[in-house]
Every structure is written in structure tokens, then in C-alpha cells.
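Asks: Position one of the sequence shown corresponds to residue 4 (this note's numbering), numbered consecutively onward.
These are computed hints drawn from the structure, not numbers from a lab. Idealized CB from N, CA, C, for every residue including glycine. Don't take every hint at face value.
[Said to hold, decoys possible] FRET-style restraints, in silico, Cβ to Cβ:
(1) Ile249 x Tyr47: 42 to 50 angstroms
(2) Met50 x Pro196: 45 to 53 angstroms
(3) Glu118 x Ile200: 43 to 51 angstroms
(4) Thr107 x Glu184: 21 to 29 angstroms
(5) Arg82 x Thr222: 34 to 42 angstroms
(6) Glu31 x Pro55: 21 to 29 angstroms
(7) Leu235 x Glu31: 18 to 26 angstroms
[Said to hold, decoys possible] Below, simulated SDA-like cross-link-like pairs (lysine to any residue); rule was C-alpha separation at most 25 angstroms, straight line:
(8) Lys115 x Ala37
(9) Lys187 x Leu162
(10) Lys123 x Ile20
(11) Lys233 x Val259
(12) Lys202 x Leu26
(13) Lys215 x Ile229
(14) Lys202 x Glu28
(15) Lys253 x Pro238
(16) Lys202 x Ala37
(17) Lys202 x Lys187
(18) Lys217 x Ile252
(19) Lys221 x Arg241
(20) Lys215 x Arg244
(21) Lys202 x Ile216
(22) Lys123 x Glu52
(23) Lys233 x Gly205
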Amino acid sequence: MSQSKNEILQVLSPSEIIEVNLLPELQEIADLMARTCEYFFKGYGPMGENAPFKGFLLEGPPGTGKTEVVKQVAIRLDRILQNVSYMMIDGASIAAPKWGEAETKLRGVFRKSFELEKEKSNAKLVILFDDIESLMISRGVDLAKEWHYSINSILFHELDAMNPYHTIVCATTNRADLVDEAIKTRLYPIKVPDVPIEKLIGVVDELIDMSKIKDDDKTYITEVIINRLKELERPTIREARQITVIECIKNGVWSV
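Please build the complete structure, drawing on both the sequences and the hints.
Replies: And the structure:
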């Protein structure tokens with residue numbers, strides 16, 4: 004089923020996003036991003052729309068919490084400034100088979116930021132391009148097609164014209180090698196690390212504690228989940244949560 008333009012350009016209040024506790028490694032990244040965004044949103048940054056800073060590019064394996072970091076940054080900024088909106092764009096949702104359609108969608112994303120600014124002069128917007136490599140493939144990569152060049156050109160132009168006093172772009176990727184170098188020069192790169200299994204156990208414990216299950220069941224199910232995580236070569240936050248859900252249901256601890 005195809006998405007409508009309105010679905011693609013849905014703007015949310017950060018109050019609609021679920022607030023979660025980030026792991027320390029991710030919280031450190033979120034703190035840096037939030038402080039930088041606040042600095043520019045308050046108009047302290049140099050040169051306005053000509054500022055060399057336009058946003059962040061989060062690089063890391065799937066399931067390491069890149070998207071969640073951006074969401075929590077938006078929540079924090081809105082709590083401080085009380086005028087921040089959030090828009091998440093899945094790179095694949097922009098791609099379209101008809102010539103010119105993807106370009107129109109992409110221009111619409113940035114047009115939305117101007118519309119918000121006109122509606123309210125102090126409005127701020129955080130735009131997240133999730134999995135940007137599905138949209139902005141490097142021009143030197145064999146996978147790149149003609150429409151990728153057109154999309155790249157539009158995004159470069161829109162980013163260059165964007166004023167970080169009002170709008171900041173964040174992007175995530177698990178294939179930094181596919182992302183065009185010109186994007187990397189416009190967005191500050193941050194590498195999101197793999198999470199050590201010791202920290203993933205904390206994610207499991209948090210979910211189990213929220214489940215309010217019996218102590219005996221808690222001890223058993225936690226051990227089962229940890230053993231499954233240890234079987235994986237590079238377990239992620241997403242996998243820790245998924246395995247917790249699977250094992251809690253399979254072993255009947257989430258039942259009455």
C-alpha cells in the first residue's frame with residue numbers, strides 16, 4: 004500500500020514520543036546532540052543559515068539505538084524550549100518509481116519546516132532521516148541510479164539553505180560507506196558503538212522489572228535470555244528487547 008504525502012510528512016509533538024532511559028553510552032551521545040541543538044535553537048550559533056553546522060549523522064550497526072537517541076533528544080529540547088516539533092522520514096518512504104515523485108516528496112519535507120516557521124516565528128523542528136543510505140546513496144557507488152543523483156542534489160541544496168536556528172536535520176545509517184561524502188560534510192558524524200552484553204543485561208532487567216513477575220520466574224527467565232544473547236556474535240539493544248518478549252511469552256511468564 005502506498006503512503007500518502009501527509010503520512011510521510013507527519014509532524015509530531017515530542018510529548019507524543021515515549022520517553023525511555025538510554026544506556027550511558029547512548030546518553031552521552033544524546034547529551035552532546037541536545038546541548039548543540041539548544042545552542043543553535045537559541046540563536047547563539049554563527050552565521051544563521053550560512054552556519055557550517057546543519058545537523059548530525061549517526062553511524063552504527065542496526066539495533067544499536069540510533070533512532071531512539073534522536074527521539075530522546077527531541078523530547079529534551081521540547082521540555083527546555085517548549086516549541087519543538089519532530090518529524091521522522093524513512094528513507095524508503097521517499098523513494099518512488101515515478102520520475103520526479105521522490106524529488107517532490109523530499110522538497111515537501113523542507114517546505115514543512117518553512118510552513119511551521121511562518122505559523123510560529125519561534126517554532127523549531129528536528130527532522131530525522133532514518134536509514135538515509137536507502138535514499139542518499141553515494142554517487143560513486145555502483146548501486147546509485149540516476150534518480151539518486153537528483154535526490155542528492157536536492158538534499159544538498161535544501162541543507163545549504165536551511166537555518167539551524169529553526170531546523171536541525173539528523174540522519175541514521177548502518178552503511179556509512181554508501182552515504183555520499185557531501186552529506187558527511189554537512190552533518191556532524193557520530194559513531195554509535197556496539198553495546199557490551201553487560202549493558203544489554205540492564206535492558207533485559209528493566210523490561211523484566213516492569214513486568215512485575217514472580218521472583219523465581221524472574222531469575223529463570225533472565226538466565227534464559229542472557230544465554231540466548233551470549234549465543235549471538237554482536238547482540239544489539241533491539242535483539243535484547245525482542246528476545247525478552249519472545250521468552251516471556253514462550254515461557255508463560257506474561258500470562259494470567
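Asks: If a hint holds in the structure, say so; if it doesn't, say that too.
Replies: A quick look at each hint next to the structure:
no., hint, in the structure
1, Ile249 x Tyr47: 42 to 50 angstroms, "holds (47 angstroms)"
2, Met50 x Pro196: 45 to 53 angstroms, "violated (32 angstroms)"
3, Glu118 x Ile200: 43 to 51 angstroms, "holds (46 angstroms)"
4, Thr107 x Glu184: 21 to 29 angstroms, "holds (26 angstroms)"
5, Arg82 x Thr222: 34 to 42 angstroms, "holds (37 angstroms)"
6, Glu31 x Pro55: 21 to 29 angstroms, "holds (23 angstroms)"
7, Leu235 x Glu31: 18 to 26 angstroms, "holds (24 angstroms)"
8, Lys115 x Ala37, "holds (22 angstroms)"
9, Lys187 x Leu162, "holds (12 angstroms)"
10, Lys123 x Ile20, "holds (22 angstroms)"
11, Lys233 x Val259, "violated (30 angstroms)"
12, Lys202 x Leu26, "holds (7 angstroms)"
13, Lys215 x Ile229, "holds (19 angstroms)"
14, Lys202 x Glu28, "holds (9 angstroms)"
15, Lys253 x Pro238, "holds (20 angstroms)"
16, Lys202 x Ala37, "holds (23 angstroms)"
17, Lys202 x Lys187, "violated (29 angstroms)"
18, Lys217 x Ile252, "holds (15 angstroms)"
19, Lys221 x Arg241, "holds (20 angstroms)"
20, Lys215 x Arg244, "holds (16 angstroms)"
21, Lys202 x Ile216, "holds (22 angstroms)"
22, Lys123 x Glu52, "holds (18 angstroms)"
23, Lys233 x Gly205, "holds (14 angstroms)"
Checked against the numbered hints above, the structure breaks hints 2, 11 and 17 and satisfies the rest.
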